[in-house]
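A.B. asks: Listed here are the chains, written in short residue letters.
2 protein chains.
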Amino acid sequence: MADLSIDVVAKAAGVHRSTVSRAFSRPEAVKSETREHILRVAEGLGYTMSPLAQALRRKTSTFIPLIVPDITNPFFAELAKTMTQAADERGYQLLLCVTNGDAAKTDGYFTAMQAMYAPFGIVAPSTKVDTDALKRFDFGHRVVVIDRVEGDSSVPTVTVDSRRGIVLALEHLRSLGHTSIGYVSGISGTHTAQDRMDAYLELSAEGSSTPLVLDSGSDPDAGARAAKHFLEMDNPPTAIIAANDMVAFAVISALGQSGVRVPEDVSVMGFDGLALGARFNPALTTVRQPIADMGNIAIELAEKQNLNGSVDHVVLEPELLVRASTSGPRK
Amino acid sequence: MADLSIDVVAKAAGVHRSTVSRAFSRPEAVKSETREHILRVAEGLGYTMSPLAQALRRKTSTFIPLIVPDITNPFFAELAKTMTQAADERGYQLLLCVTNGDAAKTDGYFTAMQAMYAPFGIVAPSTKVDTDALKRFDFGHRVVVIDRVEGDSSVPTVTVDSRRGIVLALEHLRSLGHTSIGYVSGISGTHTAQDRMDAYLELSAEGSSTPLVLDSGSDPDAGARAAKHFLEMDNPPTAIIAANDMVAFAVISALGQSGVRVPEDVSVMGFDGLALGARFNPALTTVRQPIADMGNIAIELAEKQNLNGSVDHVVLEPELLVRASTSGPRK
DNA sequence: TCGATTGCTGAGATCGGTTGCAATAACAGT
DNA sequence: ACTGTTATTGCAACCGATCTCAGCAATCGA
Numbered sequence: 001m002a003d004l005s006i007d008v009v010a011k012a013a014g015v016h017r018s019t020v021s022r023a024f025s026r027p028e029a030v031k032s033e034t035r036e037h038i039l040r041v042a043e044g045l046g047y048t049m050s051p052l053a054q055a056l057r058r059k060t061s062t063f064i065p066l067i068v069p070d071i072t073n074p075f076f077a078e079l080a081k082t083m084t085q086a087a088d089e090r091g092y093q094l095l096l097c098v099t100n101g102d103a104a105k106t107d108g109y110f111t112a113m114q115a116m117y118a119p120f121g122i123v124a125p126s127t128k129v130d131t132d133a134l135k136r137f138d139f140g141h142r143v144v145v146i147d148r149v150e151g152d153s154s155v156p157t158v159t160v161d162s163r164r165g166i167v168l169a170l171e172h173l174r175s176l177g178h179t180s181i182g183y184v185s186g187i188s189g190t191h192t193a194q195d196r197m198d199a200y201l202e203l204s205a206e207g208s209s210t211p212l213v214l215d216s217g218s219d220p221d222a223g224a225r226a227a228k229h230f231l232e233m234d235n236p237p238t239a240i241i242a243a244n245d246m247v248a249f250a251v252i253s254a255l256g257q258s259g260v261r262v263p264e265d266v267s268v269m270g271f272d273g274l275a276l277g278a279r280f281n282p283a284l285t286t287v288r289q290p291i292a293d294m295g296n297i298a299i300e301l302a303e304k305q306n307l308n309g310s311v312d313h314v315v316l317e318p319e320l321l322v323r324a325s326t327s328g329p330r331k
Numbered sequence: 001m002a003d004l005s006i007d008v009v010a011k012a013a014g015v016h017r018s019t020v021s022r023a024f025s026r027p028e029a030v031k032s033e034t035r036e037h038i039l040r041v042a043e044g045l046g047y048t049m050s051p052l053a054q055a056l057r058r059k060t061s062t063f064i065p066l067i068v069p070d071i072t073n074p075f076f077a078e079l080a081k082t083m084t085q086a087a088d089e090r091g092y093q094l095l096l097c098v099t100n101g102d103a104a105k106t107d108g109y110f111t112a113m114q115a116m117y118a119p120f121g122i123v124a125p126s127t128k129v130d131t132d133a134l135k136r137f138d139f140g141h142r143v144v145v146i147d148r149v150e151g152d153s154s155v156p157t158v159t160v161d162s163r164r165g166i167v168l169a170l171e172h173l174r175s176l177g178h179t180s181i182g183y184v185s186g187i188s189g190t191h192t193a194q195d196r197m198d199a200y201l202e203l204s205a206e207g208s209s210t211p212l213v214l215d216s217g218s219d220p221d222a223g224a225r226a227a228k229h230f231l232e233m234d235n236p237p238t239a240i241i242a243a244n245d246m247v248a249f250a251v252i253s254a255l256g257q258s259g260v261r262v263p264e265d266v267s268v269m270g271f272d273g274l275a276l277g278a279r280f281n282p283a284l285t286t287v288r289q290p291i292a293d294m295g296n297i298a299i300e301l302a303e304k305q306n307l308n309g310s311v312d313h314v315v316l317e318p319e320l321l322v323r324a325s326t327s328g329p330r331k
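Keeping their order, the protein sequence lines are chains F and L. Going by the UniProt record's numbering, 315 is the number at position 315 of the first sequence; the sequence numbering is gapless. Going by the UniProt record's numbering, 2 is the number at position 2 of the second sequence; the sequence numbering is gapless.
Hints were generated in silico from the structure; no laboratory data involved. The hints are all genuine.
Because identical chains share one entry, a pair is satisfied inside a single copy or across any pair of copies.
EDC-like mimics (lysine to aspartate or glutamate), calculated; alpha carbons at most 20 Å apart, straight line:
id, residue 1, residue 2
1, 105, 89
2, 128, 312
3, 304, 293
4, 105, 43
5, 59, 3
6, 105, 88
7, 304, 88
8, 128, 161
9, 128, 198
10, 11, 33
11, 11, 43
Whenever a hint applies, use it, and build me the whole structure from the sequences.
C.D. replies: This is the structure:
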């Protein structure tokens, strides 16, 4: 049971270790009876190849790092979940790396990923991706980013159409009769967040209602501040769009603390479509991002790029998810 | 920039590769000037040692797997977060492995961890830990479990005193004037969950109130079912203890959907102390588990065991966290 | 001054695989 | 029967470190 090396198997099967190696990694290169015999012997011994040794020699591994800023944020958690699945369906092993927003740590993961011969990596940023940081590593082009990347289309990306999402949210609220719709940005820093905000500003103006940003901070307290701001207004909006579900939760919670009811007193929408939203009080109306698809596509893009060098930028469609946190405005 | 091996550095520094190796791994074994020179050269070249090669040769690595059933569950997410921190403070690299409750996958991670020469691993189970499964691997004793392990004290564990937690919850509710207190088990399967339930049953009876289990399922819908059950009762309890925060969320959400207010109509408590609870509506009163401590201690235990073979079982104290979801019973 | 320590560095085997190349076997065509 | 392929397998170098053993110089005690 201890110390199963390829040589042990080779001896047991009466062949050379290179044959054993081939039996596993290049099955067509070894006579089928031999191969089956070897596999049987290996099986009997409970042998598995050392991914370490393999990676070392091949100079490529199946470890693929997923770099996220904060696993505590359900968006990234859900992403991680679906990507783990997607990864090992394709024979990869996902290495979840959390940076806690520490750029230095991101760098560390990059070098680690290089050292581990990762074929590529996936980055879900919390801050605008620094192109130079990516370039600094010679695998710079083997990273897929789940966000836009400013002024550089050489790295593949997969994103959700932020503007479209905001359109959906606005349409929903307007169809409910809302004309005064506020926005709270909450987490900022990514291009995606920026895009949502910009879309809100622009579309809001087009819709002839004046944009009203309740808070544009990027810390966990943004929701509370937005609520405070809301309460102090003479003429508060009848609906609020939050930049993401977590912020929406915080807003609703803070509002509730002051006796403001959702959706009776004010409608609140999120953006993300977290599973958690269905279990919030009230269940959150939101714009759903196809998180599972994002994971799958990210891996596909990476593979494709590895294969033929193509760099794609996939933009996914968001979807409206109406639950209980929105209703017609109070008369 | 490409292909930095130890030999390259050695040549550049004009020494043998074994000296370079020592300069990094056993600094005291090389003359300080030589060492500094080597380090400087390495630095200049941007060289880092290959963790793969190191692990292969040393037969021990710094990869430490944290095996969790579901990263989407904030409890595990928070655990993962603090453990990542704890891990790399000590020079380890945490490998987050999610099983999605698939036992086969757990086995897979075990063999992987063996193959990667992980010095030890941490398991946060979703089901009662199968001692045999642990034993099947010869590193069975180098796993720390974040749950009790039935009938086998040979594997180190770190847990929170479930009974004490339930006592805190019960005391809190009783001091508020509640006499009829229900329980919803929600996620079951772990010994910890079992312990909480048992404690509730026992202590509830002692307190002369009849135990009232609203639901004992283990799926995500337990909360909804419990709420339904609650609504159908002629004489519903005035307070509910949920086995964990997530279930509490679900209960409150489902209750809210039917117009039942928390805490006005019924008080609800959780168990976990998730950060999320503070942003729930209403902010959740709960029994806090010292998640960060659990992470740190788990690693400490593992290291200690690796060192001197000691097997410890640490039981941590939970703490009452009063927020807004509990109040006196409705008259 | 000389043998014995001690300190530092180099050689080379080794960890567990992979892979280009050579060798042998098997098979086909003539 | 003989030569040219083609299918299989063995050989041995190599991936990037670690580590034991040896060699050599400097230091020490007598």
